[in-house]
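Peer 1: Keeping the supplied structure of chain A fixed, place chain B with the ligands upon it in accordance with the hints.
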Amino acid sequence: MTYIPSEKLAEDAKKVLEEVNAKTEPLGPRDRMAIPAQEMPSQDPAVRRSNMEEVALGYTPEQAKLEAERCLQCKTAPCIAGCPVGIDIPGFIQAIADGDNKKAVDILKQDSLLPAVCGRVCPQETQCQAPCTVGKVLKSVDKAVSIGRLERYVADWERENDLVEIPAVKPETGKKVGIIGTGPAGLTVAADIRREGHSVVLFEAFHKPGGVMVYGIPEFRLPKAIVQKEIDALTAMGCELKPNFVIGRTRKVADLLKEDSFDALFIGTGAGLPRFMNIEGENLVGVYSANEYLTRSNLMRAYDKARADTPIFASEKVAVFGGGNVAMDAARTAVRLGAKEVHLIYRRTEVEMPARVEEVGHAKEEGVIFHLLENPKRILSDERGWVRGIECLRYELGEPDDSGRRRPVAIEGSEFEIDLDTVIVAIGNDSNPLIRQTTPGLETNKWGNIVADENGKSSLDRIYAGGDIVLGAATVILAMGEGRKAAAAMNRMLSEI
Amino acid sequence: MNRILEKKQLSETVFSMRVEAPLIACERKAGQFIILQLCEDFGERIPLTVADADLAAGSITLIFQAVGKTTKKLARMEVGDKIAALVGPLGTPTHIENFGTVVCVGGGIGVAPLHPIAQAMKAAGNHVTIIMGARNKDLIILEDEMRAIADELILCTDDGSYGRKCLVTEPLKELCEQDPKPDLAVAIGPPIMMKFCAETTRPYEVPTQVSLNTIMVDGTGMCGGCRVTVGDETKFVCVDGPEFDGHLVDFDNMINRLNSYKKQEEHDCKIGLEGEAS
Ligand SMILES: Cc1cc2nc3c(=O)[nH]c(=O)nc-3n(C[C@H](O)[C@H](O)[C@H](O)COP(=O)(O)OP(=O)(O)OC[C@H]3O[C@@H](n4cnc5c(N)ncnc54)[C@H](O)[C@@H]3O)c2cc1C
Ligand SMILES: Cc1cc2nc3c(=O)[nH]c(=O)nc-3n(C[C@H](O)[C@H](O)[C@H](O)COP(=O)(O)OP(=O)(O)OC[C@H]3O[C@@H](n4cnc5c(N)ncnc54)[C@H](O)[C@@H]3O)c2cc1C
Ligand code: SF4
Ligand code: SF4
Ligand code: FES
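Chains as they are written, first to last, in our numbering: chain A, 1 to 497; chain B, 1 to 278.
Just chain A, same shape as in the assembly (with noise of 0.2 Å):
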């Protein structure tokens, strides 16, 4: 990827926008697809390699348009069943396209709750944008509509304005929900139940709610302030917040229903349990889990070093193990926290990547080194006790395993060292087993994830749960997907009992 300055794009788009405009016969599909395909303005590499602001700056509406204008409003609509919660996607596009911002949103808004959220953060390559006819005409997902940015745009256009609506609550019920976690599902569920009228509380260990969304993804990739226009609007709802309050320590999930008088649960805990490799040295000064790395830096602010009490490394050479969204996450934000080199070490190949497509582009423009079919074998400790290097081991690929993907394979004698200071483990999160520990008859899988059947019902009565702690370490798209359809459920078994 080579980067464009937002200045040339915004002016590009103006032009070509003036020549469609210019067109009198309606456009048909060639004329749309002859449109250059957006790119997202964005910070310079050079500038936002130490600044926390966000990267992508989103579109001008000379450039949302033209984009909308891209979409060729095919009958299948093949772009919505990619779509985890099946947004009227052609719809609301060309509701851009004919400058009808408001209704955009109204769409938008009928099955998503936090668009500014997902337009950021969605794997729209993996998802709505894979089946988009526009791409696969052009031959590269890369231009296919893009659903996620004009989804951002509308979101975004309906803050900075402040036209965002307080949803109306209906007439109080007398019936309370409790609701445990505040990360994407948690924040959904407490949404659609308040609209019922069932008075709702919120708890949340962390002394923020937002969940991943504020300890985990980086201010320059989602903006804290964005999640918190969303909680404002449960406030204004009259949705009560707990903050500092860990079900299953400062009250148990019993304790909720028993004592407390709720009519109701949604369990909502996420996949908050850092995954190690288990390999010599791990437990060396200098090694994190990106859990950890992260939280310091956004929840606690230690990249703000003037004014956080909360230390963090200052590294020099930094490795990071993993390939996802996560491990893009801690890459990132070490260059953003002054180190000189970080390393990315994933033991496939970029193909098999999981992180989104555009945190892969953005990372290696700005200059993190990614060693790819490489994976370390242990973590070398100086003659204190603190990380001075790695061992790692070249890969190669092999048969496809279970998962479908070509296995990688150690190659014998291929050990090679890396110097560094700080290793950061960003493989993966399993399910917290907090509540699973505390909550007798709370049937989970063998990865400790709660089983709730397709209304998000747990095994035990007016028990929901939903979100990573169901699926595993997921999306934001499919916790709220997932918080949906609990709420549906909860409020019909609230309006019976």
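I should point out that these hints are in silico values taken from the structure, not numbers from a laboratory. Virtual Cβ for every residue (Gly too), placed ideally from N, Cα, C. Accuracy of the hints is not assured; some may be wrong.
Said to hold, decoys possible - Sample of chain A residues lacking proximity to chain B, with all beta carbon distances greater than 10 Å (derived): (1) LEU9; (2) GLU62; (3) ASP100; (4) PRO167; (5) VAL169; (6) GLU172; (7) ARG195; (8) LEU273; (9) ARG407.
As the list claims (entries may be wrong) - Rough simulated footprint, nothing fancy, chain B against chain A, three-plus residues with beta-carbon under 8 Å: (10) 198 to 208; (11) 245 to 259; (12) 285 to 291.
As the list claims (entries may be wrong) - Computed cross-link-like contacts, PhoX-like style, restricted to lysine-lysine with a CA-CA straight-line distance of at most 20 Å: (13) B/LYS82 x B/LYS8; (14) A/LYS305 x B/LYS263; (15) B/LYS263 x A/LYS317; (16) B/LYS73 x B/LYS262; (17) B/LYS8 x B/LYS72; (18) A/LYS242 x A/LYS229; (19) B/LYS137 x B/LYS195; (20) A/LYS340 x A/LYS364; (21) B/LYS8 x B/LYS73; (22) A/LYS457 x A/LYS252; (23) A/LYS242 x A/LYS252; (24) B/LYS235 x B/LYS72; (25) B/LYS137 x B/LYS8; (26) B/LYS195 x B/LYS235; (27) A/LYS305 x B/LYS137; (28) A/LYS252 x B/LYS29; (29) B/LYS73 x A/LYS305; (30) B/LYS82 x A/LYS242.
Peer 2: For chain B with the ligands alone, coordinates are given in the frame of chain A:
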């Protein structure tokens, strides 16, 4: 927001605070701790043991030593001030049962977390011997409270200014040599003291529990910052502990990890407190 209801200075650097926290007062058990923060945006999260609780008043007691940025700021707060965030009770409670004879060893500020455990051990019917140690007389805390619990109390100071002039490991060794030897030892204090207590009891095969004070962030098992090596396994102190079998803990690694931020924090403390240029 949790209001400070009472504040006492126990020694030059050790303070006791009674803080409003009704739910925690009601749920907490011996061995558990809280995490607090003095500013929601920029404060760090630090763990402190619940040293005592008053159900009727809906309060908990924290006893802490002002050693760094946050504990020093906390020490400057007064009755009526509010702590921005306080969460708990965290950690797995101490396993309390009638073991027979239990020797509780507390070093320095470690006496504070030891107090509720000694109390619970006594209430469960154990014969409780308490060994308390500090560098000098002025640093001895909670003497009366511990005396009220102990069947036998042994005081020691490094400089001999009070009680016996020795390290806590000396009386501990003597107890292990007696017949019958103690059924259980509980040691809480600086990591180096816990390490040597565990070494002292090891040859006598007296089971020894230690309470680890690692660096923490969330306290709920989310970050792994608190991890320690116990036997061949990695454990998270905030959820699997804070108490572990002292004979299995890799203390050298733990002490190392505690020093991770030493340089940065020493620097911070200087700028924060003395206004020195960096
Ligand atoms: C660094 C990182 C980057 C990511 N990037 C992307 C991305 O680009 N795109 C994408 O779609 N997805 C991404 N994900 C995944 C996505 O964030 C999650 O799938 C999603 O947040 C799950 O939502 P949730 O509501 O289930 O839980 P979470 O967001 O994990 O929220 C759970 C909340 O519950 C709280 N909690 C836990 N236990 C308790 C308890 N006992 N009592 C009270 N509260 C409790 C937690 O503190 C937390 O706030 C990323 C994840 C990480 C970690
Ligand atoms: C489960 C648990 C219970 C605890 N209970 C108590 C208690 O009841 N009373 C009490 O006074 N302290 C207790 N501690 C220790 C307390 O958390 C630390 O003293 C505190 O975090 C220091 O924070 P600070 O910002 O004041 O110091 P910092 O500025 O963070 O550090 C100052 C110095 O203290 C060292 N240090 C940092 N963290 C710790 C730590 N966790 N333990 C020991 N030294 C540390 C640093 O290396 C540095 O040299 C407990 C710790 C744990 C994990
Ligand atoms: S919610 Fe995500 S998958 Fe659905 S249309 Fe929006 S960006 Fe695409
Ligand atoms: S598949 Fe692509 S072109 Fe067709 S309606 Fe969906 S977004 Fe538009
Ligand atoms: S403090 Fe984060 S896992 Fe223990």
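Peer 1: Provide an ascending list of the numbers of those earlier hints which the structure does not satisfy.
Peer 2: 8, 19, 24 and 27
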